[in-house]
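**Q** For the protein sequence lines, the chains are P and Y, in the order given. Residue 469 is where the first sequence ends in our numbering, and the numbering goes up by one at each step. Residue 1466 is where the second sequence ends in our numbering, and the numbering goes up by one at each step.
Please note that the accuracy of each hint is not assured.
Said to hold, decoys possible - In silico negatives: residues of chain P with every beta carbon more than 10 Å from chain Y:
no. : residue
1   : Pro-361
2   : Gly-369
3   : Met-372
4   : Gln-375
5   : Asp-379
6   : Met-380
7   : Lys-397
8   : Ile-407
9   : Val-413
10  : Gly-416
11  : Ser-422
12  : Leu-431
13  : Gln-458
14  : Thr-467
15  : Val-468
As the list claims (entries may be wrong) - If you anchor each label on the Cβ, the simulated ranges turn out as follows:
no. : chain 1 : residue 1 : chain 2 : residue 2 : range
16  : P       : Ser-437   : Y       : Thr-1380  : 25 to 35 Å
17  : Y       : Lys-1410  : P       : Thr-360   : 32 to 42 Å
18  : Y       : Asn-1361  : P       : Arg-465   : 19 to 29 Å
19  : Y       : Glu-1412  : P       : Gly-369   : 45 to 55 Å
20  : P       : Leu-433   : Y       : Ser-1405  : 39 to 49 Å
21  : Y       : Pro-1394  : P       : Gly-356   : 12 to 22 Å
To be clear, the hints were calculated from the coordinates, so they are not data collected in a lab. Where is the CB? At the ideal position from N, CA and C, for every residue including glycine.
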Amino acid sequence: NAGVTQTPKFRILKIGQSMTLQCTQDMNHNYMYWYRQDPGMGLKLIYYSVGAGITDKGEVPNGYNVSRSTTEDFPLRLELAAPSQTSVYFCASSYYGGSDSYDEQFFGPGTRLTVL
Amino acid sequence: DQQVKQNSPSLSVQEGRISILNCDYTNSMFDYFLWYKKYPAEGPTFLISISSIKDKNEDGRFTVFLNKSAKHLSLHIVPSQPGDSAVYFCAATPGTASKLTFGTGTRLQVTL
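All chains, please: the whole structure from these sequences, using the hints.
**A** Structure (structure tokens):
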């Protein structure tokens, strides 16, 4: 199992450019998440998905879009990159089977994005 | 509004001693609490969790204590090892299928 994989690892964008951050998981998890982490800050949720075809906004969704056409993939799209989107982006997944116990989220290695 | 707070940005502990990392929360709806560990250039990895129906959960060298009345939890690492040097994030959620709210992290350095 590769777990959660993210590409690219690093990227520099110019203001106004667009890009897609890729995220794939091979654990058959139904829930997937996108977070961003700014220096000295915790992780903030951008978008999440509870299954293929279902997505919802998190705490900081502005400037981003997502789609979930398959269980495995959850790409994050930046349409008009701004310096405020300079951050490290983490994708995560978890399995929720309706149990009372909490199933932890598994994280990818992150994508470091700089917008100049 | 920071609902999960880790007020100590960094902590330095000698190898073999106890490390205590603290976390405070404000949202009384939080029901599950987790600790994640993060090494540089890697994603966070799950360490240990605790449900609000318990006040202690232990896993090897790691113990998490929950004080609901004080809205406070702590992670104890005994004995601390150099490989424990990392950033530790506290996280909380109001339910098993709900989103996590993370604290800002505490950087632990275990010295020889």
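**Q** Return the numbers of the hints above that this structure violates; sort them in rising order.
**A** 7 and 13
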